[in-house]
Amino acid sequence: MRKLWLLIGALAGLALALTACGSRATAVAVIATARPSPTPIPVTVKPGPLPLPTSEPATCTVAGRIPTPGPTEESLFPGVSQADWKLGPDGAKVVFIEYGDFQ
Amino acid sequence: MLAPVLGQLTKTFPQDVQIVYRHFPLQGHDKSLLAAQGAEAAGKQGKFWEMHDAIFAGQDTWADYQPDQFGSWLVEQAKGLGLDTTRFETDMKSDEIVKKVLQAQADAMKIPIPGTPFLLINGKPYEGPRDADSLAAIVNLTTLEARQYSECPAMTIDAKKLYTATLKTDVGDIVIQLFPDKAPMTVNSFVFLAQHGWFDNTIFHRVLPGYIAQAGDPTGSGYGGPGYAFSNEITATSRFDKPGLLAMANAGPNSNGSQFFITYAPAPDLDGQYTIFGQVIEGMDVAEQLKARDPSQGSPLPEASKILTVTITEK
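Chains as they are written, first to last, in our numbering: chain A, 1 to 103; chain B, 104 to 418.
Rather than coming from a laboratory, the hints here were simulated on the basis of the structure. Some hints here could point you the wrong way.
Across the chosen pairs, the derived CB separations fall in these ranges [claimed, not checked]:
id, chain 1, residue 1, chain 2, residue 2, range
1, A, Q82, B, M387, 56 to 64 Å
2, A, D84, B, R342, 54 to 62 Å
3, B, K263, A, T59, 18 to 26 Å
4, A, W85, B, E406, 30 to 38 Å
5, B, K114, A, D84, 13 to 21 Å
6, B, P403, A, T59, 36 to 44 Å
7, B, P217, A, T59, 42 to 50 Å
Since this is a predicted model, take the numbers as computed values, not measurements. By construction, the Cβ of each residue, glycine as well, lies at the ideal position given by its N, Cα and C atoms.
Throw the hints in and build the complete structure from the sequences for me.
Shown next, in the form of structure tokens:
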């Protein structure tokens with residue numbers, strides 16, 4: 001049991017040390033969860049492991065763009081209809097629906 | 104409060120944003136139903152959103168009112184909006200409107216909506232930050248899709264030629280010699296994007312004095328990219344050993360897109376992770392004047408320096 005606690009203590013210490021090392025460039029996210037899931041990874045610049053030169057030719061692939069929701073994910077919520085109070089053009093690229101209570 | 108933030112978005116993005124308001128008057132709130140009825144009654148006279156805004160804006164005033172007193176306050180607002188107040192009062196308590204609001208409440212409870220305000224973005228529940236900057240970034244990212252590329256750019260540069268990029272910014276020009284021999288794919292992509300106007304009117308969204316200045320994301324959020332990703336081009340000799348180096352920012356190995364950074368000082372902690380593909384040859388003093396801005400500090404962020412255009416010369 002004591003060994004386990006020593007291990008946990010050591011891990012906690014390591015985590016702290018790593019946090020301290022990384023503190024210079026922690027500017028990771030503007031808005032860490034600002035997009036709908038899945039959680040995006042911001043493009044950033046931060047210190048990391050030792051140099052790992054690449055020797056193979058560089059490659060390029062089409063990256064996943066903004067993820068489209070799965071076909072079942074929207075089913076709970078009724079789509080926008082003529083019965084709704086709307087502001088802004090129909091067919092807008094981004095539609096915000098607020099369920100609100102004035103009080 | 105969410106409602107004014109959404110209202111502002113429709114003004115900032117008149118073509119791209121639509122907002123929808125659905126009532127979810129919470130049970131146990133003594134004036135929720137009446138407030139919703141008031142908005143509906145104003146809607147009967149074409150002023151739903153005006154009343155919606157007035158009710159939210161007046162929350163501090165009417166929060167402690169008794170329901171009767173609140174009813175009178177709503178009529179006052181209707182008067183202020185130029186509505187027919189007699190009709191408004193009748194509509195507000197009409198069976199039609201009472202039923203409509205109760206139905207909305209029942210619908211929301213059936214889904215069930217966990218609480219208010221509850222926000223859906225393009226049909227998906229959204230539980231992230233609701234400040235103006237964060238929601239604007241989401242709009243920008245979504246609209247960026249239309250500009251993203253569905254193919255990697257064809258290799259068009261000649262590694263034997265000399266390429267320079269001039270970043271015309273709102274504080275002056277930064278001239279950068281590119282390294283097509285050391286990082287051909289990276290330079291090719293940068294040249295391609297510059298020539299397609301990708302960087303025009305974008306910001307230096309992350310400027311950390313003494314370290315780096317980062318740009319290349321049209322959304323200005325740090326999450327935007329061109330729709331393709333390419334691998335690192337890092338050689339054994341590439342080192343962040345001086346200021347003025349131009350390198351790609353990334354979100355992990357081989358995820359280079361369009362975001363790049365310029366170093367302000369040697370940064371050996373970045374060695375081996377980021378492709379260096381150029382060096383500032385003129386205008387380092389301009390780079391030093393870019394407005395400091397650290398997105399990790401959260402919203403609201405200070406105004407950013409802008410890239411107006413990036414032009415490429417080939418010799």
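Which numbered hints are broken by the structure, listed smallest first? The structure conflicts with no hint, since it agrees with every one listed earlier.
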